[in-house]
Amino acid sequence: MTLNANMLCEITEGVWGSVLGLEARCGGRGGESWGGAGEDEVATCVEITGAWEGSVTLCCPTGLAARVASIMFGLGDIEADDPDLVNDALCELANMIGGNLKGLLPGPSILSVPKVLGVGAGAARESLQVQLFQSFECHGERFCVAVAKAESPGGTA
Amino acid sequence: MRILIVDDSRAMRMIVTRTLRQAGYGDHTIDQAADGTEALEHIRGHRPDLVLSDWNMPQMNGIELLRALRQDGVQVPFGFVTSETSADMRATAVEAGASFLIEKPFTPERFHEALAPFVAP
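As they're listed, the protein sequences go chains A and B. Residue numbering for the first sequence follows the working numbering, beginning at 1 and increasing consecutively. Residue numbering for the second sequence follows the working numbering, beginning at 1 and increasing consecutively.
Since the hints were made in silico from the structure, they are not lab data. Every residue gets a Cβ at the ideal spot worked out from N, C-alpha and C, and that includes glycine.
Selected chain A positions facing chain B (in silico; Cβ < 8 Å):
hint, residue
1, 19
2, 73
3, 88
4, 89
5, 91
6, 92
7, 100
8, 102
9, 108
10, 111
11, 113
The shape of chain A in the complex, shown without the other chains (with noise of 0.2 Å):
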């Protein structure tokens, strides 16, 4: 099965209102190049690996991941600005969509731990190249998800 924007979204914006109770509307743009986290973003990804390798990287910018992870920890109005828990909150979700995701993609593979990724980073290895990508907006602002694929199993695209 080869992923597309819409499972992209559904499985996006499920999570968005299951776990946040936030609304998140696919939106904008999708398909096109994307040249990875910018220095106000936060990015998290996981990795897959096996009969399909590639990984889904989570970008947000830096005031609504504060606020995803204010929710996450419970903290009501207070935003969250320590870095540990911002982290830690969007490597959740990242896993999340990432592991819904994989259920759709052929198997056996192996999900990875979430990391946090650099600026200037869109997948979890320089080797993979983003083949979709997703925006979506979120209470006026925007963050976008992003699948990128080795060009075949075991390889390094």
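Since the structure of chain A is provided, determine the placement of chain B on it from the hints.
Then chain B, alone, in the frame of chain A:
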């Protein structure tokens, strides 16, 4: 009754704790461990009545934890709370002795449905 939550994400441990309360399990003692190794030590010392574990964790993952417990003869009811629920993984979990698998994201109702046969609210 004592419930142990095993997850390397602090955020997820908080969410699972919150969901347990919403599902009616707030009066039970809820403990936490950050990975399988920490959980194994905790279980040996505290003998929880139920373990809720993530699958993917550093050090020792969830399935390794479950296998280690069963190898030690510890038969505590064990459920996975994970974002991965492929048929292969479900089969692996059941084969290793897991009682149930809850998919992330989840609801309090799903928790109640899965936990009720093992722990009364």
